[in-house]
Amino acid sequence: MGVEGIGARVVRKEDKRFITGKGRYVDDIKLMGMTHAHFIRSPHAHAKVKKIDSSAALKMPGVVAVLTGQQIVDDKVGNLICGWAITSKDGSPMKMGAWPAMAPETVRFVGQAVAVVIAESKNLARDAAEAVVVDYEELPAVADVHAAIKSGAPQLHPEAPGNQVYDWVIGDEGATDAAFAKAANVVKLDVTNNRLAPNAMEPRAAIADYDAAEEHFTLYTTSQNPHVARLVLSAFYNIAPEHKLRVIAPDVGGGFGSKIFIYPEEMVALWASKKVGRPVKWTGDRTEAFLTDAHGRDHVTHAEMAFDANNKITGFKVKTYANFGAYMSLFSSSVPTYLYATLLSGQYNIPAIHAEVIGVYTNTTPVDAYRGAGRPEASYLIERLMETAARQLKVDPAELRRTNFITQFPHQTPVIMAYDTGDFNASLDAAMKAIDYAGFPARKAQAKSQGKLRGIGVSCYIEACGIAPSKAVGSLGAGVGLWESAEVRVNPVGTIEILTGSHSHGQGHETTFCQLVAERLGVPVSQVSIVHGDTDKVQFGMGTYGSRSAAVGLTAILKAMEKMESKAKKIAAHALEASEADIVIENGEFKVTGTDKAIALPMVALAAYTAHNLPDGMEPGLKESAFYDPTNFTFPAGTYICEVEVDPGTGKTSFVNFVAADDFGRLINPMIVEGQVHGGLVQGIGQALLEHAIYDANGQPVTASFMDYAMPRADDVPSFNLSHTTTLCPGNPLGIKGCGEAGAIGASAAVINAITDAIGKNNLEMPATPDRVWRTIHAA
Amino acid sequence: MSTVKLTVNGKAVAVDVEDRTLLVQLLRDHLNLTGTHVGCDTSQCGACVVHMDGKAVKSCTMLAGQADGASITTIEGIAKGDELHPMQAAFRDNHGLQCGYCTPGMIMSAIDIVHRYGGQLDEATVRAELEGNICRCTGYHNIVKAVLDAAGRMKVSQAAE
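Top line first, the protein sequences correspond to chains V and G.
Per our numbering, residue 1 is the first one in the first sequence, and the count goes up by one each step.
Per our numbering, residue 1 is the first one in the second sequence, and the count goes up by one each step.
No wet-lab data here; the hints were simulated from the structure.
Since this is a predicted model, take the numbers as computed values, not measurements.
All C-beta atoms, glycine included, are put in the ideal place defined by N, C-alpha and C.
Errors might be hidden in some of the hints.
[To be verified] Just some of the chain V residues that point at chain G, by a computed CB distance under 8 Å:
| # | residue |
| --- | --- |
| 1 | MET201 |
| 2 | VAL252 |
| 3 | HIS505 |
| 4 | ILE672 |
| 5 | VAL702 |
| 6 | SER705 |
| 7 | PHE720 |
| 8 | ARG775 |
Take these sequences, add in the hints, and give me the full structure.
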């Protein structure tokens, strides 16, 4: 490893602009003649739109236009799509209602747009929006999954009778039933995985700029995947053909999944820009984020696990109701199916699994992928169940896990996934040692003497990342391939530009991706720059989500690097009159091994571009590209253990210690990996203790601001004790597994297991607020 | 419309604004100082924190007119040329930022915290004092480290002056 190569804690190159206020986010951009959009959104969870009267608004100063849902339908802008087809157990395709960008007839959740005001300033657009009169006829609404599937419940979409999108199954029901018939013990658990609002700190924003002469659109948007946005806007929403649509995602202030999706506001801004003939800017406020950014989680699950007399798991049965909200968002259908139920084996040998997932429409904000996407729900369920089982079977929870760990790899689970490698004992051992698990009883007794309830909670998570092998996901219904592309451009002076289809919105790609180049060529990272986030610069890419950028995106860069290096070696060998096989690359030089003959990278690059003396038949230039499609998912795994103290008088939980032992395969930059884990852990802790997107029975959101929705703040969470155990991923040449989601996947079960251990009661739903914990302690 | 006269990052400016203009709008929209961010609309997130006459304020929560005659310092105004403020350097060196959106407000709040406590800070105090700044990326671990690190650096740089 060089000082800036793989494994080095290189300080981030991108930081200077962020710490000096020079980041360039969408809302920071101003275009000449730019207008401002303000959406008129439904205050009702379910209503008919009878009439929209914009006559008064149109007379107000600075108003350019008021555009409605009917107009966008009339102009044949496409309805929003769901990109993953799921088939129900009866063989029928999933049942979806239409989702127009603005509602022409019916609104189905609070916050759905019905019209937009375009004006000379944001304030003038807001003023005019107050004067637009929308006549609604309220309809009965339903927000809860169980209420939504009852007969007589309000119906959202005629296409989906009973509000059911699909009833999907996975696994072998017969084998699972047989395991339960022979079980020595059966452990049952009902859990709710609470609905969350993603809340990236930068609210979504879009600027659309239509050039009438070129019939060309430019869209600046807060996206994790600008090429996917262009593809969808072009192929499905009829905005413009791809070569007439440039999508730029500049600095993006966090995503966590919520900025994967192509939202109505982007479609409307593009369409409106052409209609009014001027650039249109929209920047959401925080309440709009709560109302319209796709939410996460919201599962209600009943699960049963069968054990034999030796406490070995023999079967696992799961039934989950997934709340999709009012419309099927872009990847929503895959989250509670192929991203959730395929992980139900956890870290354990489970011979038979059967899961049924029922997807349900409700009058709430659409739900889609949020950090972890399905895998946190699976991990939480399994790890709560393991803890429940340990309590019921009266064995140590860590030992019960150890008894059931998968120890032979590769391991084919009964639910599609084939785990390639791992060492679950190693991460459990590391975490137990770090928290002094053996010393816990003494600490608990000590706390008890001071009137406090001490608890310890284990969570052994596994996830499927490096999303994803295209052929595999295609066979499961995905509408896209999930490879990544890269291009390596060596400039004539020897500096290097890496173009990537991955998108950084906090992950630090501008540093870590350069570290691969530094590792291979021995050049400083300052000589390398990363180009991303612009469809005019990068040919194509699938973007960043599912902890895929290092495992898939960086591997694509590696493949392009190998091609470039091969050509460069030929040029160097020709110049040095040596054999290509004898050329090695060290410290920015191409050397003839075993001699002192060498040529520096800039001279090789210059030779490639002057083309005065290249090997016969070689094309000039030094630029190579690659598309990399992974052969399997990657399987990051680890153990989190937290120790908490609960005050029985107030129900408040305090952290004593929180340790994490993760296996992410090879680490490119441990500093950045640790940062990813810290952030993920706090999102998991936030779910466990604080966060809950709540609707009342009529579909009114009651947590639509930071005043009402409890975001984790600095004094809600502890500092963390992190360590790594490493098994290299055999599926990619760098051995990388991915680290972006682990914390959010594993943390919440550790917290709830610790609190329930402390209070001596097993049933406690998230978020475990002081009020809820106090009531649980004092319940009869 | 009113004319607001104030000093921003050491420069005297006079800006004609609608009376309802917020200080953050004056900074971002009129002076193009886009380092100060807006992350919420309820004074909760702290992405908009700037210094007014040396004290941290949420610039989304006051009218531009309330800053008439005041001296405002934004994230763009704390480095001395190419030399970063010790808090900026500490955030970079401790990986105290990821997406960067909350960072300007965090840094401005953190400088104010160090000033108020005369650099005598511990982890619990930093965590309690950061109550008005929300970060969704870092889990705060490295932000807390950065503030404690900078508290030491600021003492050293003050001693040097």
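Structure-based check of each hint:
no.	hint	verdict
1	MET201	holds, 4 Å
2	VAL252	holds, 7 Å
3	HIS505	holds, 6 Å
4	ILE672	holds, 7 Å
5	VAL702	violated, 15 Å
6	SER705	holds, 5 Å
7	PHE720	holds, 6 Å
8	ARG775	violated, 26 Å
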